[in-house]
Amino acid sequence: EADIYQTPRYLVIGTGKKITLECSQTMGHDKMYWYQQDPGMELHLIHYSYGVNSTEKGDLSSESTVSRIRTEHFPLTLESARPSHTSQYLCASSPAGLGYGYTFGSGTRLTVV
Amino acid sequence: DQQVKQNSPSLSVQEGRISILNCDYTNSMFDYFLWYKKYPAEGPTFLISISSIKDKNEDGRFTVFLNKSAKHLSLHIVPSQPGDSAVYFCAASGNNRLAFGKGNQVVVIP
Numbered sequence: 128e129a130d131i132y133q134t135p136r137y138l139v140i141g142t143g144k145k146i147t148l149e150c151s152q153t154m155g156h157d158k159m160y161w162y163q164q165d166p167g168m169e170l171h172l173i174h175y176s177y178g179v180n181s182t183e184k185g186d187l188s189s190e191s192t193v194s195r196i197r198t199e200h201f202p203l204t205l206e207s208a209r210p211s212h213t214s215q216y217l218c219a220s221s222p223a224g225l226g227y228g229y230t231f232g233s234g235t236r237l238t239v240v
Numbered sequence: 002d003q004q005v006k007q008n009s010p011s012l013s014v015q016e017g018r019i020s021i022l023n024c025d026y027t028n029s030m031f032d033y034f035l036w037y038k039k040y041p042a043e044g045p046t047f048l049i050s051i052s053s054i055k056d057k058n059e060d061g062r063f064t065v066f067l068n069k070s071a072k073h074l075s076l077h078i079v080p081s082q083p084g085d086s087a088v089y090f091c092a093a094s095g096n097n098r099l100a101f102g103k104g105n106q107v108v109v110i111p
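Going line by line, the protein sequences match chains A and B. Count along the first sequence from 1, add 127, and you get the number used in this note's numbering. Count along the second sequence from 1, add 1, and you get the number used in this note's numbering.
Simulated from the structure, these hints should not be mistaken for laboratory data. Ideal Cβ placement from N, Cα and C applies to all residues, glycine included. Certain hints may be false.
[Claimed, not checked] Distance windows between CB atoms, simulated:
#  : chain 1 : residue 1 : chain 2 : residue 2 : range
1  : A       : Lys144    : B       : Ser70     : 32 to 42 Å
2  : A       : Thr147    : B       : Arg18     : 42 to 52 Å
3  : A       : Glu183    : B       : Glu43     : 22 to 32 Å
4  : B       : Gln82     : A       : Glu183    : 32 to 42 Å
5  : B       : Asn58     : A       : Lys144    : 37 to 47 Å
6  : B       : Gln3      : A       : Leu138    : 22 to 32 Å
7  : B       : His77     : A       : Ile140    : 37 to 47 Å
8  : B       : Asn28     : A       : Asp157    : 18 to 28 Å
9  : A       : Lys144    : B       : Glu43     : 39 to 49 Å
10 : A       : Thr147    : B       : Lys57     : 39 to 49 Å
11 : B       : His77     : A       : Met168    : 18 to 28 Å
12 : A       : Ser194    : B       : Asn97     : 18 to 28 Å
[What the hints assert, rightly or not] Pairs of lysine-lysine residues, derived as DSSO-like cross-links and limited to a Cα-Cα distance of at most 30 Å, are as follows:
#  : chain 1 : residue 1 : chain 2 : residue 2
13 : A       : Lys144    : A       : Lys158
14 : B       : Lys72     : B       : Lys103
15 : A       : Lys158    : A       : Lys145
16 : B       : Lys55     : B       : Lys6
17 : A       : Lys158    : B       : Lys72
18 : A       : Lys145    : A       : Lys184
19 : B       : Lys72     : B       : Lys57
20 : A       : Lys158    : B       : Lys69
21 : B       : Lys57     : A       : Lys158
22 : A       : Lys184    : A       : Lys158
23 : B       : Lys6      : A       : Lys145
24 : B       : Lys72     : A       : Lys184
25 : B       : Lys6      : B       : Lys69
26 : B       : Lys69     : B       : Lys57
27 : A       : Lys184    : B       : Lys6
28 : B       : Lys103    : B       : Lys69
29 : B       : Lys103    : B       : Lys57
30 : B       : Lys6      : B       : Lys72
31 : A       : Lys144    : A       : Lys184
32 : B       : Lys55     : A       : Lys158
33 : B       : Lys6      : B       : Lys57
34 : B       : Lys103    : B       : Lys6
35 : B       : Lys55     : B       : Lys72
36 : B       : Lys55     : B       : Lys69
37 : B       : Lys103    : B       : Lys55
38 : A       : Lys158    : B       : Lys103
39 : B       : Lys103    : A       : Lys184
Construct the complete structure from the given sequences, taking the supplied hints into account.
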């Protein structure tokens, strides 16, 4: 059973809609991340958090925002979806040492029409 | 600027033979390297890692080799199995974050 959950798995939505992608983990990890990936491309870090009330922007500029009110929950919000936001969004968490690797969720495939 | 590079985007190999995936990096400050495996419509799963102070790490059928002077690492899978068919991402750790390559598609032919 997965220890990190993302919902929805797939989402098709119209331009201009507000959406929230959910991510929850049950491992008690302090660090959580959001990555964006297009087919055949590398994963790009768009947001990360090292703990409650801590959020930072990643390497790739994104119009999305995140919040971290609880350790286990790290939702991503797009206030007004556009076709350029069409992509796969992957949430991950990690313990203190990166040598253990990240645990990824199954991802949300977002399509904005 | 891409810090982790995976060339040869796809690889086909016969079942039972060796699969070799290569990865090059540019940042000499990276201190940990990882390989992830990804099936379609799923998130990447951690496969194996290696610290920058080592040159080899082995876990069952998977072995990762690191050549720091060449800024190069490779993943060997032997023997390859049909269930190994997936996309493999190389990742490097630095500044408390991971940088990923574009991935290699591996197809194992039964």
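Results of checking the hints against the structure:
For lysine 144 (chain A) paired with serine 70 (chain B), a C-beta distance near 52 Å fails the hint of 32 to 42 Å. For threonine 147 (chain A) and arginine 18 (chain B), the hinted distance range of 42 to 52 Å is satisfied, since their beta carbons lie about 46 Å from each other. Between glutamate 183 (chain A) and glutamate 43 (chain B) the Cβ separation comes to about 26 Å, which falls inside the hinted range of 22 to 32 Å. Taken as a hint, the range 32 to 42 Å holds for the pair glutamine 82 (chain B) and glutamate 183 (chain A), whose Cβ atoms sit roughly 40 Å apart.
Taking 37 to 47 Å as the suggested C-beta distance range, the pair asparagine 58 (chain B) and lysine 144 (chain A) conforms, at roughly 46 Å. In this structure the supplied range 22 to 32 Å holds for glutamine 3 (chain B) paired with leucine 138 (chain A), their Cβ-Cβ distance being about 29 Å. Range check, histidine 77 (chain B) to isoleucine 140 (chain A): Cβ separation about 43 Å, and the 37 to 47 Å hint holds. The hinted window of 18 to 28 Å between asparagine 28 (chain B) and aspartate 157 (chain A) holds, with their beta carbons roughly 25 Å apart.
The hint said 39 to 49 Å for the Cβ distance between lysine 144 (chain A) and glutamate 43 (chain B), and at roughly 26 Å that hint is violated. Between threonine 147 (chain A) and lysine 57 (chain B), the C-beta spacing of about 44 Å keeps the proposed range 39 to 49 Å intact. For the pair histidine 77 (chain B) and methionine 168 (chain A), the supplied restraint of 18 to 28 Å holds, since their beta-carbon distance comes to about 25 Å. The given range of 18 to 28 Å is respected by serine 194 (chain A) and asparagine 97 (chain B), whose C-beta atoms sit roughly 20 Å from each other.
Proposed proximity of lysine 144 (chain A) and lysine 158 (chain A) is supported: the alpha carbons are some 29 Å apart, at most 30 Å. With a C-alpha separation of about 17 Å, the suggested pair lysine 72 (chain B) and lysine 103 (chain B) falls inside the 30 Å cut-off, and the hint holds. With a C-alpha separation of about 26 Å, the suggested pair lysine 158 (chain A) and lysine 145 (chain A) falls inside the 30 Å cut-off, and the hint holds. Annotation: proposed proximity of lysine 55 (chain B) to lysine 6 (chain B) holds, straight-line Cα distance about 20 Å (limit 30 Å).
Only pairs whose Cα atoms come within 30 Å are accepted, and lysine 158 (chain A) paired with lysine 72 (chain B) is accepted, the gap being roughly 28 Å. A distance of roughly 20 Å separates the Cα atoms of lysine 145 (chain A) and lysine 184 (chain A); the hinted pair therefore holds under the 30 Å criterion. Distance check on the hinted pair: lysine 72 (chain B) and lysine 57 (chain B) sit about 14 Å apart at the alpha-carbon level, within 30 Å; holds. With a C-alpha separation of about 28 Å, the suggested pair lysine 158 (chain A) and lysine 69 (chain B) falls inside the 30 Å cut-off, and the hint holds.
Between lysine 57 (chain B) and lysine 158 (chain A) the CA atoms are separated by roughly 28 Å; this keeps the pair inside 30 Å, and the hint holds. Only pairs whose Cα atoms come within 30 Å are accepted, and lysine 184 (chain A) paired with lysine 158 (chain A) is accepted, the gap being roughly 14 Å. Distance check on the hinted pair: lysine 6 (chain B) and lysine 145 (chain A) sit about 35 Å apart at the alpha-carbon level, beyond 30 Å; violated. The hinted pair formed by lysine 72 (chain B) and lysine 184 (chain A) meets the criterion: a straight-line CA distance of about 28 Å does not exceed 30 Å.
The hinted pair formed by lysine 6 (chain B) and lysine 69 (chain B) meets the criterion: a straight-line CA distance of about 15 Å does not exceed 30 Å. Restraint check: the Cα-Cα separation between lysine 69 (chain B) and lysine 57 (chain B) comes to about 11 Å, which is no more than 30 Å; the hinted pair holds. A distance of roughly 23 Å separates the Cα atoms of lysine 184 (chain A) and lysine 6 (chain B); the hinted pair therefore holds under the 30 Å criterion. Restraint check: the Cα-Cα separation between lysine 103 (chain B) and lysine 69 (chain B) comes to about 21 Å, which is no more than 30 Å; the hinted pair holds.
Restraint check for lysine 103 (chain B) and lysine 57 (chain B): the C-alpha separation of about 23 Å stays at or below 30 Å, so the hint holds. Note on lysine 6 (chain B) and lysine 72 (chain B): the hinted pairing holds, with a Cα-Cα distance of about 11 Å set against a maximum of 30 Å. For the suggested pair lysine 144 (chain A) and lysine 184 (chain A), the alpha carbons sit about 22 Å apart, so the restraint of at most 30 Å is met. Among the hinted pairs, lysine 55 (chain B) with lysine 158 (chain A) is consistent with the structure: their alpha-carbon atoms are about 26 Å apart, no more than 30 Å.
For the proposed pair lysine 6 (chain B) and lysine 57 (chain B), the alpha carbon gap of about 20 Å is at most 30 Å, so the pair holds. Proposed proximity of lysine 103 (chain B) and lysine 6 (chain B) is supported: the alpha carbons are some 7 Å apart, at most 30 Å. Under the criterion of a C-alpha separation no larger than 30 Å, the hint pairing lysine 55 (chain B) with lysine 72 (chain B) is consistent with the structure, at around 13 Å. Between lysine 55 (chain B) and lysine 69 (chain B), the direct Cα distance comes to roughly 9 Å. Compliance with the 30 Å bound is thereby established for this hinted pair.
Distance check on the hinted pair: lysine 103 (chain B) and lysine 55 (chain B) sit about 24 Å apart at the alpha-carbon level, within 30 Å; holds. A threshold of 30 Å between alpha carbons decides the hint, and for lysine 158 (chain A) with lysine 103 (chain B) the separation of about 23 Å falls inside it, so the pair holds. With a C-alpha separation of about 21 Å, the suggested pairing of lysine 103 (chain B) with lysine 184 (chain A) holds against the 30 Å cut-off.
When each numbered hint is compared with the structure, violations occur for hints 1, 9 and 23.
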